[in-house]
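Chains A and B, in that order, are what the protein sequence lines are. Here this note's numbering is used: the first residue of the first sequence is 1, the next is one more, and so on. Here this note's numbering is used: the first residue of the second sequence is 1, the next is one more, and so on.
Since the hints were made in silico from the structure, they are not lab data. Some hints here could point you the wrong way.
To be verified - Each computed EDC-like pair below joins lysine to aspartate or glutamate, with the alpha-carbon atoms no more than 16 Å apart: (1) A:K37 - A:E9; (2) A:K255 - A:E295; (3) A:K64 - B:E44; (4) A:K225 - A:E265; (5) A:K17 - A:E41; (6) B:K161 - A:D49; (7) A:K293 - A:E259; (8) A:K64 - B:D74; (9) A:K248 - A:E234; (10) A:K37 - A:E12; (11) A:K42 - A:E12; (12) A:K293 - A:E265; (13) A:K266 - A:D226; (14) A:K290 - A:E265; (15) B:K199 - A:E12; (16) A:K297 - A:E259; (17) B:K169 - B:E195; (18) A:K297 - A:E265; (19) B:K199 - A:D11; (20) B:K199 - B:E186; (21) A:K42 - B:D152; (22) A:K64 - B:D43; (23) A:K266 - A:E282; (24) B:K161 - B:D68; (25) B:K199 - A:E9; (26) A:K64 - B:E48; (27) B:K114 - B:E168; (28) A:K42 - A:E16; (29) A:K266 - A:E240; (30) A:K64 - B:E78; (31) A:K42 - B:E211; (32) B:K169 - B:E111; (33) B:K161 - B:E211.
Stated by the list, open to error - Taking CB as the label site, the calculated pair distances span: (34) A:L19 - B:T197: 18 to 28 Å; (35) B:R82 - A:R80: 19 to 29 Å; (36) A:A22 - B:R214: 26 to 36 Å; (37) A:L24 - B:R214: 20 to 30 Å; (38) B:S110 - A:T35: 35 to 45 Å; (39) B:T91 - A:Q48: 26 to 36 Å; (40) A:V86 - B:N52: 38 to 48 Å.
Don't be surprised by glycine CBs; every beta carbon is placed ideally from N, CA and C.
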Amino acid sequence: MNCKNYQAELDEIIGEKMLPTAILNHLSNCPTCQTFKVEREKLTLMLQDLQAVNSPADFNFRVKARIRQQETNVTIKTWRKFALLVPTALAVLIIGFVLVKTFVLQPPAPQNAGVVFPSQIETSQAATQSPTPENPALIENTSPGQSNEFAEKPLKEREIAFKPSPKPRFARAASRRVLATTSSSLKDEPKEIHSRDTTGGGAPPSVYPAGIQNPLDPNRKQNGKDLLQTLGVEIAVEGEALRVVSVKENSQGAKAGLEAGDVVEKINGENPQEVSGSKFTELNLTARRKDQKQEIKIIIAKP
Amino acid sequence: MESAASTGELKTEAVKARSENPSNKIADKISDHALIAATCAGDEAAFEEIVNRYRNQITNFIFRMLNDYEEAVDLAQETFVRVFQARDRYTDDYAFSTYIYRIATNLAISELRKRKRRRLISLNGFFQIDDGSQTEFQPPDKKPLQDAILADAQIQAVVSKAIATLPEKYRAPLILRDVEGKTYDEISNILATNEGTIKSRISRGRNLLREKLRNYF
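If we strip away everything but chain A, and leave its shape as in the complex, we get (with noise of 0.2 Å):
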């Protein structure tokens, strides 16, 4: 052993009076090590000779309040918890039953405003038409496919197989549509938009109010008169039937035959008042010309 670890030693029983034998051997010889001795032995000293200090007199006093301090800072604390607890979940009631009024327990909202659902249609058409048993031209003019099977249906069920989109977005579909109908009009080419408008598999829904015929709709009624008068044809109205006043020379209603004073009784074998059809490539007519009726075909030729 050298002196560091005799020092180590002794630093760990520095104070005890009686010394292990070994190195009190090694102390007899190493005044180093004695030196160590000595000034280890007067630090502990003064160390142990350092004055205690006490406690003031009223520390019990103080320790029970200050923990009587501390309990009811902890009771604060949680009623303060509560405190924030009650108007929150008052709030929390209040804004859940608002909304539950507002979106739960109140009627649908009025989302189909100006939107015309077939059932609709069919009433509107039903007051001013004759119903459909008693014009089956309605029926038989329809397009193709699904509108025959939709017309065969009952009321009810064609109103719960009806889904009408979402009104926001069709509202714009169609206001898109008739925005194209207007700007192609006036370039002369209605051919296309229609052509496009039509493939679509059988008309929309309508978002036009009862009276109001969507001008896309290939089923749409059109006058009889106007159709005609197209055609370089002057038409006086005549109770349901038209009556042809004077036809221009050349014109395409000249060339089909129909002369002044021709009563046109059908157009397309459907009132003439009201033909359905948008996209007429030709038209057969049913008129009475001095009390003979004969059948006109009217081609119109593409321009």
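With chain A fixed as given, assemble chain B onto it according to the hints.
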């Protein structure tokens, strides 16, 4: 149920001891564990007995750690408050003195670290290097120190200041060993550190202190 019954017995024992002997001679014999158990059972007097037993020791220990009497008293009170609040969690794995000294040490060390963060300027600060890591205590008195003339109070003040300038890790074990007279085993339990480490730190602390107080040897 058993624990409740035993706690009740302990409480009765502690109360009886104090009521029968107002001078607290018998009460002194009641172990700290029994007093804590009685405190848990709601006996405030038992807790007061604990406070009476340790108030001076804890105050003195914290004072040696901080060298600030007001703060030492404050932290000593806080120590007892913590003991009271944690009375239900107390286990008798260690001696109660170990337990309470550990709380006091932790509070003192926390305070020292707080002060370090705040860079609190104290009287000792004039003798400290700014970086704080290796603090050297150099008394400005260049005159030869005469032990015979120097009053005991002055020596004690210098020693206290010298202790207060020791690094934390050396200060706590040194005070516990040389001032409080704790055994190495107790110190290692209080500081939750290996006994070998404690011995080594005490030795280094003494060396540092001897260097600081070399003029007094």
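How the hints compare with the structure:
1. A:K37 - A:E9: holds (11 Å)
2. A:K255 - A:E295: holds (14 Å)
3. A:K64 - B:E44: holds (9 Å)
4. A:K225 - A:E265: Between K225 of chain A and E265 of chain A the Cα gap is close to 12 Å, so the pair holds against 16 Å.
5. A:K17 - A:E41: holds (11 Å)
6. B:K161 - A:D49: Since the Cα atoms of K161 of chain B and D49 of chain A sit roughly 15 Å apart, the hinted pair holds (cutoff 16 Å).
7. A:K293 - A:E259: Holds, at about 13 Å.
8. A:K64 - B:D74: Cα-Cα ~13 Å, so holds.
9. A:K248 - A:E234: holds (8 Å)
10. A:K37 - A:E12: Holds, because 11 Å separates the two Cα atoms, which is no more than 16 Å.
11. A:K42 - A:E12: holds (15 Å)
12. A:K293 - A:E265: holds (9 Å)
13. A:K266 - A:D226: Judged against 16 Å, a Cα distance of about 14 Å means the pair holds.
14. A:K290 - A:E265: Given that 16 Å is the threshold and the Cα spacing comes to 13 Å, the pair holds.
15. B:K199 - A:E12: The given pair, whose Cα atoms are some 7 Å apart, holds under the 16 Å limit.
16. A:K297 - A:E259: Given pair K297 of chain A, E259 of chain A holds - Cα atoms ~13 Å apart, limit 16 Å.
17. B:K169 - B:E195: Within the cut-off at roughly 14 Å; holds.
18. A:K297 - A:E265: Holds: K297 of chain A and E265 of chain A sit about 13 Å apart, inside 16 Å.
19. B:K199 - A:D11: Roughly 8 Å between the alpha carbons, so the hint for K199 of chain B and D11 of chain A holds.
20. B:K199 - B:E186: Holds, at roughly 12 Å.
21. A:K42 - B:D152: Since the Cα atoms of K42 of chain A and D152 of chain B sit roughly 14 Å apart, the hinted pair holds (cutoff 16 Å).
22. A:K64 - B:D43: Within the cut-off at roughly 13 Å; holds.
23. A:K266 - A:E282: Holds, at about 14 Å.
24. B:K161 - B:D68: holds (10 Å)
25. B:K199 - A:E9: holds (10 Å)
26. A:K64 - B:E48: The given pair, whose Cα atoms are some 9 Å apart, holds under the 16 Å limit.
27. B:K114 - B:E168: Roughly 13 Å separates the two Cα atoms, so the pair holds.
28. A:K42 - A:E16: Given that 16 Å is the threshold and the Cα spacing comes to 13 Å, the pair holds.
29. A:K266 - A:E240: Cα-Cα ~9 Å, so holds.
30. A:K64 - B:E78: holds (11 Å)
31. A:K42 - B:E211: Judged against 16 Å, a Cα distance of about 13 Å means the pair holds.
32. B:K169 - B:E111: holds (14 Å)
33. B:K161 - B:E211: holds (13 Å)
34. A:L19 - B:T197: 18 to 28 Å: Since the Cβ atoms of L19 of chain A and T197 of chain B sit about 24 Å apart, the hinted range of 18 to 28 Å holds.
35. B:R82 - A:R80: 19 to 29 Å: holds (23 Å)
36. A:A22 - B:R214: 26 to 36 Å: Given about 29 Å between the Cβ atoms, the range holds.
37. A:L24 - B:R214: 20 to 30 Å: holds (27 Å)
38. B:S110 - A:T35: 35 to 45 Å: Because 39 Å falls inside the window, the suggested range holds.
39. B:T91 - A:Q48: 26 to 36 Å: holds (32 Å)
40. A:V86 - B:N52: 38 to 48 Å: Roughly 44 Å apart at Cβ, these two residues keep to the hinted range, so it holds.
This entry satisfies every hint, going by the numbered hints stated previously.
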